[in-house]
Amino acid sequence: MNADFTIEELAFQKEVRTFLDNEFPFEFRTKIDANRRLSKKEIIRWQKILYEKGWAAPTWPVEFGGTGWSQVQRHIFATEMGLIGAPEPVPFGMKMVAPVIMEYGTEEQKNRFLPDILESNVWWCQGYSEPNSGSDLASLKTTAVRDGDEYIVNGAKTWNTYGQYADWIFCLVRTDNTVKKQEGISFLLIDMSSPGITLRPIVLLDGHPEVNEVFFDDVRVPVNNIVGEENKGWTYAKLLLTHERSNIAGVPRGKRRLRGLKRIAADTDDGFGNTMLENPRFKNKLAEVEIQLQALEYSELRTLAALSVGKAPGPESSILKIVGTELAQEMDELFVELAAYSCLPFVPEQFEDGFQGVPLGPGNSAYAALNYFNNRKASIYGGSNEIQRNIICKHVLGL
Amino acid sequence: MDFSYTEEQQMLQESVQKFVQKNYEFATRAKIIASENGYSNENWELFAELGWLTVPFCEEDGGFGGSAVDLTVMMDEFGKANLVEPFTPTAILGGGLVSALGEKGQKTELLGPLMEGKLQLACAYAETGSRFNLSNVTTTATVEGDQVRLNGEKINVLNGSNADKLLLVARESGAQTDRNGISIFLVDNDSDGLSIQPYTNVDGKKAAQISFASVSVPLSARLGEAGGALPALEAVIDRATVAVSAEAVGALEALLQKTVEYSKTRKQFGTPIGTFQALQHRMADMFIECQLARSIVIMAAMKLDSTENDVEKSKAVSAAKSRVGKAIEKVGQEAIQIHGGIGMTEELDVGHLFKRVTAIDIQFGNTDYHTARFSSL
Chain B
1 MNADFTIEEL AFQKEVRTFL DNEFPFEFRT KIDANRRLSK KEIIRWQKIL YEKGWAAPTW
61 PVEFGGTGWS QVQRHIFATE MGLIGAPEPV PFGMKMVAPV IMEYGTEEQK NRFLPDILES
121 NVWWCQGYSE PNSGSDLASL KTTAVRDGDE YIVNGAKTWN TYGQYADWIF CLVRTDNTVK
181 KQEGISFLLI DMSSPGITLR PIVLLDGHPE VNEVFFDDVR VPVNNIVGEE NKGWTYAKLL
241 LTHERSNIAG VPRGKRRLRG LKRIAADTDD GFGNTMLENP RFKNKLAEVE IQLQALEYSE
301 LRTLAALSVG KAPGPESSIL KIVGTELAQE MDELFVELAA YSCLPFVPEQ FEDGFQGVPL
361 GPGNSAYAAL NYFNNRKASI YGGSNEIQRN IICKHVLGL
Chain W
1001 MDFSYTEEQQ MLQESVQKFV QKNYEFATRA KIIASENGYS NENWELFAEL GWLTVPFCEE
1061 DGGFGGSAVD LTVMMDEFGK ANLVEPFTPT AILGGGLVSA LGEKGQKTEL LGPLMEGKLQ
1121 LACAYAETGS RFNLSNVTTT ATVEGDQVRL NGEKINVLNG SNADKLLLVA RESGAQTDRN
1181 GISIFLVDND SDGLSIQPYT NVDGKKAAQI SFASVSVPLS ARLGEAGGAL PALEAVIDRA
1241 TVAVSAEAVG ALEALLQKTV EYSKTRKQFG TPIGTFQALQ HRMADMFIEC QLARSIVIMA
1301 AMKLDSTEND VEKSKAVSAA KSRVGKAIEK VGQEAIQIHG GIGMTEELDV GHLFKRVTAI
1361 DIQFGNTDYH TARFSSL
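Protein chains in written order, with the numbering used here: chain B, 1 to 399; chain W, 1001 to 1377.
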């Protein structure tokens, strides 16, 4: 038993590091360290740099312009990216809709959609959840009714992340009301500029309109925008959900955040003559998080080893999702504890471009509460942690 | 033994409940927060009319009696409604310090108008490096003849931008964390050298960061003895700590009740989610947390009203804040989680209650601080 990389893998790791050191724009690094959001333009700029290198799509096969990397190479790449805080590609195109199009789409759809996703020319968003269909996604009610060469779509989708920036949306829609709920769902690609689509931004607890409700009012969609067969969408959606869950443990990001917490703790007085990094109680809490991070890292590596020898991602990914999100939330709480009074001011605009005022609070501490509120979503999205526990009960424990 | 409210306390509770029902709808509260002052002056005048502003004060000061238990009765209801009016900074902190340290003249000048709703106060004690240690003070007060010169910077000054007068905690002598040498000065909000940076806190309440650059006040602006203000400051903050803990208990019970209601109406997989045992047990645990939090806050309030010595009182306060902090974490997070996505939005009161209790968790010292204080006393 060993957890070592091969000589080739180590060489690859070095190549990735050198590339990121040289090519990841310094001003992005500064911005990310200051908890400022990268703009759409900046994310595209980074994607184009990756594209030039041939690394835009680490998970895609070579025939579609992907890297064709092994599982271990993907892991190394994701780790190095995470450690410096480089943004992953916006997942909705690259990691969600693209694999479905590759697997079930027509040649015409592959040629039409995949190159633009690869080059970040077209941005996608996700149309899955509905106001009354969250954890019970299959109960969705948005309908698509065939009318000649078109479907007419009516309904509402919600929790649509960054829909305000998206050019296209992939949707699960109901095409048959008369059968079992999972059997009447289709997978439809819809141009966001179609007449009849309206967006209502939803402001989250951190003051940012990160998600939207999307309304479809007699939206006409050409029938050749359906992926695969009519009423088979649920099968495709399940494929997509397993992709959504890859990399979900967030170990590299966790390591980076832990480093950041230690740095801020070293600059924060505990009020009694020590820094927070020297404060024994806070030190213990940091240690507990670090230990859990190691347990998570080795759980992820064991899953990775299984994937490398060709096993399909199984319910283990539920462990990674639950522990990864809950550990991230523990770090959010530690950040709030560290920041104390400094995170009480609600001034979200100080983390936006063009803020001219005096920032409140030392370091990034003012961000702690906003971050804590926002990241409560992590145990809700991507199949809530309750659903993940159900998966473990059903598929692992046989309950 | 009797844990029931007295008739007077029941009337006080009903009076707050009636006000809240009539004047504190979700949309109304949002409008108040968005207004310039961040609170409603109309409401404030009504509070005075209803006598609420007299509740924290003893009868000699012209108040209702000043019992901590009375205060928790009100704060509990304020918490349920997530009220943003500056009751704690003006009446409990500011008024409390004047009552504890002020001379007769100062009391007459300040407490009367305060209880009539005509005076807003704020207490500037926290600094960037002090964290929760009240004796850690770097803001200086230098006596020059019959004037005092004030220099330093204060953070987390609740109601700081609305206050007519600030109560500034400053060091007249001694080293940074000495218990002796700390005084409190009354500073007018339009004094030269005062720079107030106002903002809204995560819970919708107004606060400010305030710097004092050679601000000059007369020696008569000092409250109490030179260098001897710390014990009174600690006692007043202890009282405020119990008050916001009671507010948190009200808010947590509101979160529990809203979560239970939601779980009865929200259907997934063809059934209300409240029928799932996995969620039922978690709501049962939320209920237990609320009950324990309520119990320990009652204990602390009763100790404050008793003849126990100061150490025992402070220990009880820290026990309450520490335990309430744990309940805040558990009940607050579960309320959001069980609501799911909708709990994450600004559109539902649940998220706002969650933000308020999170702020209370930090205010006057978090769980970690109060657990350590409890064990060290």
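The set of hints was computed from the structure by calculation and includes no laboratory data.
Accuracy of the hints is not assured; some may be wrong.
Covered stretches of chain W (in silico footprint by chain B; criterion: 3 or more residues with CB under 8 Å from a CB of chain B, positions within the stretch not fixed) [as the list claims (entries may be wrong)]:
no. : segment
1   : 1075–1086
2   : 1146–1154
3   : 1212–1223
4   : 1235–1245
5   : 1299–1306
6   : 1330–1341
Computed beta-carbon distance windows for the label pairs [to be verified]:
no. : chain 1 : residue 1 : chain 2 : residue 2 : range
7   : B       : N22       : W       : L1377     : 44 to 50 Å
8   : B       : R29       : W       : G1112     : 24 to 30 Å
9   : B       : N274      : W       : A1030     : 48 to 54 Å
10  : B       : R29       : W       : E1036     : 54 to 60 Å
11  : B       : S193      : W       : A1030     : 47 to 53 Å
12  : B       : E103      : W       : E1347     : 46 to 52 Å
13  : B       : P25       : W       : A1175     : 57 to 63 Å
14  : W       : E1347     : B       : N274      : 39 to 45 Å
15  : B       : D116      : W       : G1270     : 49 to 55 Å
16  : W       : T1006     : B       : P201      : 38 to 44 Å
17  : B       : K41       : W       : N1180     : 54 to 60 Å
18  : W       : L1292     : B       : K41       : 37 to 43 Å
19  : B       : A3        : W       : A1030     : 20 to 26 Å
A virtual CB, placed ideally from N, CA and C, is assigned to each residue, including glycine.
Tested hints:
1. 1075–1086: Violated, because only 0 residues of the segment 1075–1086 of chain W bring their Cβ atoms closer than 8 Å to Cβ atoms of chain B.
2. 1146–1154: Violated: only 0 residues of the segment 1146–1154 of chain W have a Cβ under 8 Å from chain B.
3. 1212–1223: With 0 residues closer than 8 Å to chain B, the segment 1212–1223 of chain W misses the three-residue bar; violated.
4. 1235–1245: violated (count 0)
5. 1299–1306: violated (count 0)
6. 1330–1341: Result for this restraint: holds, n = 5.
7. B:N22 to W:L1377: 44 to 50 Å: Given a distance of about 57 Å, which is not inside 44 to 50 Å, the answer is violated.
8. B:R29 to W:G1112: 24 to 30 Å: 58 Å, violated
9. B:N274 to W:A1030: 48 to 54 Å: 42 Å, violated
10. B:R29 to W:E1036: 54 to 60 Å: 40 Å, violated
11. B:S193 to W:A1030: 47 to 53 Å: Violated: the Cβ-Cβ distance is about 33 Å, outside 47 to 53 Å.
12. B:E103 to W:E1347: 46 to 52 Å: 37 Å, violated
13. B:P25 to W:A1175: 57 to 63 Å: 47 Å, violated
14. W:E1347 to B:N274: 39 to 45 Å: About 42 Å separates the Cβ atoms of E1347 (chain W) and N274 (chain B), which means 39 to 45 Å holds.
15. B:D116 to W:G1270: 49 to 55 Å: With Cβ atoms ~40 Å apart, the hint is violated.
16. W:T1006 to B:P201: 38 to 44 Å: The hint (38 to 44 Å, Cβ to Cβ) is violated, given that T1006 (chain W) and P201 (chain B) are roughly 50 Å apart.
17. B:K41 to W:N1180: 54 to 60 Å: Cβ of K41 (chain B) to Cβ of N1180 (chain W): about 58 Å, so the range 54 to 60 Å holds.
18. W:L1292 to B:K41: 37 to 43 Å: Violated, since L1292 (chain W) and K41 (chain B) (Cβ atoms, about 51 Å apart) do not stay within the stated range.
19. B:A3 to W:A1030: 20 to 26 Å: Because 53 Å falls outside the window, the suggested range is violated.
When each numbered hint is compared with the structure, violations occur for hints 1, 2, 3, 4, 5, 7, 8, 9, 10, 11, 12, 13, 15, 16, 18 and 19.
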